[in-house]
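Chemist: Given next are the chains, with one letter for each unit.
Number of protein chains: 2
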Amino acid sequence: MEKDFTSIDHKKLKEFTALALAKVGIKKQDAEIAAKLIVSADLRGIDTHGVAHLGPFYITRIQKGFINLNPDIRVLSYLPGTAVVDGDNGFGFLVGHKAMTEAIERAKKCGIGAVAVRNSTHFGAASVYSSLAVEEGMIGIALSSTGALVFPPGAAKRGMGTNPISIGVPAGEEAGFMLDMATSVVPGGKIGDALRRGLSIPLGWAVDGQGNPTTDPKAVFQGGGGLTPLGSSPEMGSYKGFGLGVAVEILCSILSGAVASLLMQEAPGAAGNKCDHFMAAIKIDSFIPLDQFKSKMDDLARAYHSLPVAEGKGPVVLAGEKENGIVKERLAKGVPIHSKVLESLEQLNSSLGIGYRFS
Amino acid sequence: MEKDFTSIDHKKLKEFTALALAKVGIKKQDAEIAAKLIVSADLRGIDTHGVAHLGPFYITRIQKGFINLNPDIRVLSYLPGTAVVDGDNGFGFLVGHKAMTEAIERAKKCGIGAVAVRNSTHFGAASVYSSLAVEEGMIGIALSSTGALVFPPGAAKRGMGTNPISIGVPAGEEAGFMLDMATSVVPGGKIGDALRRGLSIPLGWAVDGQGNPTTDPKAVFQGGGGLTPLGSSPEMGSYKGFGLGVAVEILCSILSGAVASLLMQEAPGAAGNKCDHFMAAIKIDSFIPLDQFKSKMDDLARAYHSLPVAEGKGPVVLAGEKENGIVKERLAKGVPIHSKVLESLEQLNSSLGIGYRFS
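Top line first, the protein sequences correspond to chains V and L. Everything in the first sequence is counted per my numbering, starting at 1 for the first residue and increasing by one. Everything in the second sequence is counted per my numbering, starting at 1001 for the first residue and increasing by one.
It should be emphasised that the hints constitute simulated quantities derived from the structure, not laboratory data. One should not assume that every hint holds.
Claimed, not checked - Quick list of in silico lysine to aspartate or glutamate cross-link-like pairs, DMTMM-like style, CA-CA up to 25 Å:
1. L:K1157 with V:E311
2. L:K1313 with V:E235
3. V:K157 with L:E1311
4. V:K218 with L:E1235
5. V:K322 with L:E1235
6. V:K108 with L:E1105
7. L:K1108 with V:E105
8. V:K218 with L:E1105
9. V:K108 with L:D1086
10. V:K313 with L:E1235
11. V:K190 with L:E1235
12. L:K1294 with V:E321
13. V:K294 with L:D1086
14. L:K1313 with V:E266
15. L:K1294 with V:D208
16. L:K1109 with V:E105
17. L:K1157 with V:E105
18. L:K1028 with L:E1173
19. V:K157 with L:D1299
20. V:K322 with V:D193
21. V:K157 with L:E1321
22. V:K109 with L:D1086
23. L:K1190 with V:E266
24. L:K1157 with V:E321
25. V:K109 with L:D1285
26. V:K109 with L:E1311
27. V:K157 with L:D1298
28. L:K1322 with V:E235
29. V:K294 with L:E1235
30. L:K1313 with V:D208
31. V:K294 with L:E1266
32. V:K313 with L:D1216
33. L:K1157 with V:D216
34. L:K1157 with V:E174
35. L:K1109 with V:D285
36. L:K1108 with V:D285
The task is simple: from the sequences and hints, build the whole structure.
Modeler: The following block contains the structure:
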């Protein structure tokens, strides 16, 4: 355990998160669902989307009235494999959970289920939802459009969200596959980190307000700049990252009947709140027997692990294998919580009058 | 028209291609389907996957016996939205066409249809198949795994195909969206081009046999090197391009019950022949009314076109818009065929005894 970190049992984090969400008006049962999803990000090592966001991000937005606490979440469906979920501006975790649950139910009947989601809010890490399908022995796909932060190649203005793609796949004895990636080179948090630490950023991650590559994180957030799509430059294929991000935008925001991030207006102070999603679940044994699939996934992972590597490099691993190791460690030893995050949790504990004891 | 190019009507190209395929043993009706798909790549400006490949690639493989001319293409389905298609080593264009047709039929019933395809062969450009869904007012997704040519980040050996992703989306008055991208920074053809012309390649496109970045195209094909995944370096997110490529591998080769490219053995001289695919079709009006969707797609395209651009840059365009312009031009003025390609077509014309007159 590094200094500045305290290890806290994940069950305690979940319990506290549920209590805090209930205090600000989320129904008890819903608060428990959201708490499980938030802490599952911490368990996977996605610390930026877990309890570190609880006070400054999720609860602040609820308190500012950006989230509908009593949403009428509607499922509109015309054919058995698909649906639109209208989140009625509800808490993104609950809207996302409802949408993936619907996709899974539809996949049980049709072999594949797909749900486009409008009027939702920030739902945390996309892999939290694809994991729900993986737990059912399915392939899970979770996409989200987000507020515009990425400059299309050649543009001098933000035109796309970081629009994450998560694809999760179960395996047998191996960890399976869990991709969870922004379609930009890096997520916005990496620029924010550099800004706080006074560091420069690698050329290729971001552009300034004129669309020129920059190493200065201030030019990105304070100078009207933005992130670059995966590929980083046109010569290295940034039009591909842009294309993937637009595809996410279409599946989330256009197919659900919402508005693409480029055209979306957000309330002052609420940037990054409104989101649309797309969830799909694929029932593996409607293609081939599940045990055969899992065994082939194990073979694939092992073949990658035994590829020869470049000098000084570790073995090739599949997306999600590192995070799977973190889950095991954190389930056993607790989640390392930074002193600043612990401080923010204690502040919530006191300001909301929860009276929770972490130790 | 540049010198060295002759303009040929697309109908003539289709007619000749169908005659040539029929001469080497493809049934007449199937030859016409395949010819339409091959020439549709030429119409879109994807010259590398059209008639330029007919002689040296598609017909040569048929003549060498790498393609089953009388395949028993089977559709194995347990639930109404999904199926496995076993291509029985048939001609990839026909297997791919059958698979997307099945996906579209399933989407009509369930809202979404998905088909994983094993035992297929090279099927040309992925966008040819997603276009089939777009013609039906659907979103089309076409993926293919291919022979290993890409080095995973850190690896010192090829471990993945260039595994293309195509996503096609219809619009109203605008051109719509058509992504068709390798999950590597560039497709193998770009390295081959540089090799033929004696040029170096940009650092980041490829690695040598030890997994080190190289500017020498010889190191890639003759020195046991390979391509880099989209992202080009770990710092710029090449693990994301690798993750996308593996996801394609899983959906095509594992879900269909085939073998991933890393584990696949090909007959000597047949490298790049065996492929697996994944096709999905999404029925838009099972989500929202099609005219509303198309109008939102038009709004999105126009919003991108009117984004301010960096100095010296043209307007931002969506994936596929440029190709849509090429289609219009080539439908009207014919397809420009390079003298070397025309020579290869005339050679087929004579060696197969077709007796076709291009002009």
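Chemist: Next pair to validate is K1109 (chain L) with E105 (chain V); report whether the Cα-Cα distance is within 25 Å.
Modeler: 16 Å, holds
Chemist: Taking only the CA atoms, is the gap from K1157 (chain L) to E174 (chain V) under or equal to 25 Å?
Modeler: 22 Å, holds
Chemist: Could you grab the alpha-carbon distance between K1190 (chain L) and E266 (chain V) and see if it respects the 25 Å cut-off?
Modeler: This hinted pair is violated, its Cα atoms lying about 43 Å apart.
Chemist: Within 25 Å, alpha carbon to alpha carbon, are K157 (chain V) and D1298 (chain L)?
Modeler: 20 Å, holds
Chemist: Would the pair K218 (chain V) and E1235 (chain L) pass a check requiring their Cα atoms to be no farther apart than 25 Å?
Modeler: Judged against 25 Å, a Cα distance of about 20 Å means the pair holds.
Chemist: Mind checking the alpha carbons of K218 (chain V) and E1105 (chain L) for me, to see if they're no more than 25 Å apart?
Modeler: 52 Å, violated
Chemist: Is K294 (chain V) close enough to D1086 (chain L), meaning Cα to Cα at most 25 Å?
Modeler: 20 Å, holds
Chemist: Next pair to validate is K1294 (chain L) with E321 (chain V); report whether the Cα-Cα distance is within 25 Å.
Modeler: The hint is violated at about 40 Å.
Chemist: Against the 25 Å threshold, does the CA-CA distance of K322 (chain V) and E1235 (chain L) hold or violate the hint?
Modeler: 17 Å, holds
Chemist: Take a quick look at whether K313 (chain V) and D1216 (chain L) sit within 25 Å of each other, Cα to Cα.
Modeler: Between K313 (chain V) and D1216 (chain L) the Cα gap is close to 23 Å, so the pair holds against 25 Å.
Chemist: So if I understand the rule, the pair passes when the alpha-carbon distance is 25 Å or less; does K109 (chain V) with D1285 (chain L) pass?
Modeler: Holds - the C-alpha atoms of D1285 (chain L) and K109 (chain V) are around 20 Å apart, at most 25 Å.
Chemist: Starting from K1108 (chain L), check that the Cα of D285 (chain V) is at most 25 Å away, please.
Modeler: 22 Å, holds
In terms of the numbered hints stated before, the structure departs from hints 8, 12, 14, 15, 17, 18, 23, 26, 29 and 33, listed from lowest to highest.
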